[in-house]
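Enquirer: Residue strings, one per chain:
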Amino acid sequence: MPAKTFIEAIREGMADEMRHDGSIIVLGEDVGKKGGVFLATDGLWAEFGDDRVIDTPLTESQIIGTSIGAAINGLRPVAEIQFADFIHPAFNQLVSEAARLRYRSNNGYSCPMVVRAPYGGGVHGALYHSQSVEAFFTHVPGLKVVIPSTPYDAKGLLRSSIRDDDPVLFFEHKKMYRSVRGEVPDGEYAVPLGRAAVTRAGTQLTVIGYGLMAHYALEAAERVADDGISAEVIDLRTLRPLDKESVLDSVRKTGKCLVVYEDNRFGGYGAEVAAIVAEEAFDYLDGPVTRMAGPDVPGVLQPRPRGLVHDQPGEDRRRDPD
Amino acid sequence: MAVSDRSASHLGEAVGLSDEQLIEMYRLVALTRALDERMWVLNRAGRIPFVISGQGHEGAQVAITWPLRKQHDWVAPFYRSIATCLTFGMSPRDILTAQYATANDPSSGGRQMPGHYGSREHNLVSVSSPVATQLLHAIGIALAAKVRGTDQVAMTFMGEGSSNQGDVHEGLNFAAIHKLPFVFVVENNGYAISVPSAKELAVEDVASRAGGYGMPGLVVDGSDVLECYRVATEAVDRARSGGGPTLIEAKVTRLTAHSSDDQQTKYRSEEELASEKARDPLPRFRAQLVDAGILTDHVEQRLGADIKAVVDDATQYAESQPDPDPSTAMRWVYAEEWPSEAPPPWGFGTAGGHAEEH
Chain B
3 MPAKTFIEAI REGMADEMRH DGSIIVLGED VGKKGGVFLA TDGLWAEFGD
53 DRVIDTPLTE SQIIGTSIGA AINGLRPVAE IQFADFIHPA FNQLVSEAAR
103 LRYRSNNGYS CPMVVRAPYG GGVHGALYHS QSVEAFFTHV PGLKVVIPST
153 PYDAKGLLRS SIRDDDPVLF FEHKKMYRSV RGEVPDGEYA VPLGRAAVTR
203 AGTQLTVIGY GLMAHYALEA AERVADDGIS AEVIDLRTLR PLDKESVLDS
253 VRKTGKCLVV YEDNRFGGYG AEVAAIVAEE AFDYLDGPVT RMAGPDVPGV
303 LQPRPRGLVH DQPGEDRRRD PD
Chain V
2 MAVSDRSASH LGEAVGLSDE QLIEMYRLVA LTRALDERMW VLNRAGRIPF
52 VISGQGHEGA QVAITWPLRK QHDWVAPFYR SIATCLTFGM SPRDILTAQY
102 ATANDPSSGG RQMPGHYGSR EHNLVSVSSP VATQLLHAIG IALAAKVRGT
152 DQVAMTFMGE GSSNQGDVHE GLNFAAIHKL PFVFVVENNG YAISVPSAKE
202 LAVEDVASRA GGYGMPGLVV DGSDVLECYR VATEAVDRAR SGGGPTLIEA
252 KVTRLTAHSS DDQQTKYRSE EELASEKARD PLPRFRAQLV DAGILTDHVE
302 QRLGADIKAV VDDATQYAES QPDPDPSTAM RWVYAEEWPS EAPPPWGFGT
352 AGGHAEEH
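Protein chains in written order, with my numbering: chain B, 3 to 324; chain V, 2 to 359.
One or more of the hints may lead you astray.
[As the list claims (entries may be wrong)] Below, a list of computed lysine-lysine pairs in the PhoX-like style, where the Cα atoms sit at most 25 angstroms apart:
1. V:K278 / V:K200
2. V:K309 / V:K278
3. V:K200 / V:K309
4. B:K258 / B:K246
5. V:K147 / V:K71
6. V:K147 / B:K35
7. V:K147 / B:K36
8. V:K200 / V:K71
9. V:K147 / V:K200
10. V:K267 / V:K278
11. V:K180 / B:K35
12. V:K180 / B:K36
Worth flagging that the hints you see were computed from the coordinates, not collected in a lab. All of these numbers come straight from a predicted model, not from anything done at the bench.
The following block holds chain B by itself, in its conformation from the complex (with noise of 0.2 angstroms):
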């Protein structure tokens, strides 16, 4: 299997599934000619052309909007927004369209729709190209919310994602674009929504992460190996749908749970993991479930991230957006 990058997995991703079928569009901004400022749909309007590659306007709302329709029309787009942070914009028609449509109509009217974002901090982005906004969506009954990890599963998932018949927000990490690296098939595959990944097995503590916090957490498990305590790690993979069988299965096992995201600490995504878990593990614990999040300021401190949440193991191999 060759070995990719995980930006040239979710293109992959995308152009394979665009080959397979004609109903699949690509709309934001910045992702025809140029490819993304990421290079995220780099090739595509080469290869797709202009009906299906499309450069919008700096609208975000009209992004989604749009999408909804198209999708409602017979289209299955897939909406970049080009940071994360810039999707709120966005909020009320995902929120209170994408996300209640089939549910407003009885099952009338649904809309399959894919809205890839790039989210998180350490590339010297400051407040506005740093956030983690996963947590604003999972909130939401209706929206379905991807974060992968590897480029394996950043490929296979976006392949559900995209056949999946309700509308899938799918957050990419962007420092992990260019400076993770993973063997991922040339053939179709797909790792379907809704289940975890045990990415290290281990006896004494569980340790649950999800997109860039899944590779600390398995480098910090790594470490403490050292010191003899055996951690388990998963991957969540999928945030809506959770795969709680998987988060309780692992915790009932080893008793202590530690919930890992970037996100602001307080109402994160990791706080409902947390809560779970006390609730539905309560009997198996032998201490208190614990979250390690970023600190509740708005965004991370830049341009020397170190110390927060970014202090990270290993080295440092980002690769800038343009």
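Given the coordinates of chain B, assemble chain V onto it according to the supplied hints.
Expert: Below, chain V without anything else, positioned relative to chain B:
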């Protein structure tokens, strides 16, 4: 409906409508009015919780929706679009079951507030409560029509108050850039609930904004049914033939309060309310058809009896339909590819697993 004289009168000839079509248009305007009035009676009698009315808007709605092809083209309506929904294929039973929130209400199966119409069968997009969001859906539908080459036109409707929303600016710009087969209809009744248009718009006409987006903007007297039809036909033809979008602003009057929960005499004078009745499209259209010899006493009597029977039938029907089963309230948050009792496909492999994190 059987009509004695099938040939086109001078009145219809000018706009390309047969007498039969003119009478059907009139029937829809009058039927919508009767249905709307019945809703208020049912509300005041405590049978339905809420009414949001289209009285005064019906002529423009029927005439502007008329040029669309049913079950081919698309409409994203708004909460006053009762006449539009009827013209585009929904029935009075469909409308009243939505008011009663019955289990078989085609708009939402009893999930939404009254007035939030929609029908998959008729390409009428489900209405939500945030205003102007539907414009972007209609534009997306038009984009899909263009990409797929379906020859469809998408039309959306809203009030002038809603037309100030940012989604309208974003959407019209996009629709014009791509010359999408789209028609934007503003039903300007002069009020956003209680706020008069002078405090909503610094310009006299919403249509004057169209030029800024690069599309034609037309103002039409919304009580002049045939003029509305003429303007809409041009816009729909232009959209279908690749000429791009059009903004139509129909100046209508709101004959009722904003809703059954509003007291409009608090902000509209008795004199204004009395004078606005002169802009009612129903008597004006009737007089036109009577003068042209199309709406004879005989035809009118039959229409009146027919409308009364249809409204009574819809009322009795909706009254008799069961409420939704409360156990269905958890359904259709997501697609259900599995029996709702069983775990979802991403379920956890154990019997009795939970369907999502309820």
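Enquirer: Determine which of the earlier numbered hints do not hold for this structure and return their numbers in increasing order.
Expert: When the structure is compared with the hints, numbers 3, 8, 9 turn out to be violated.
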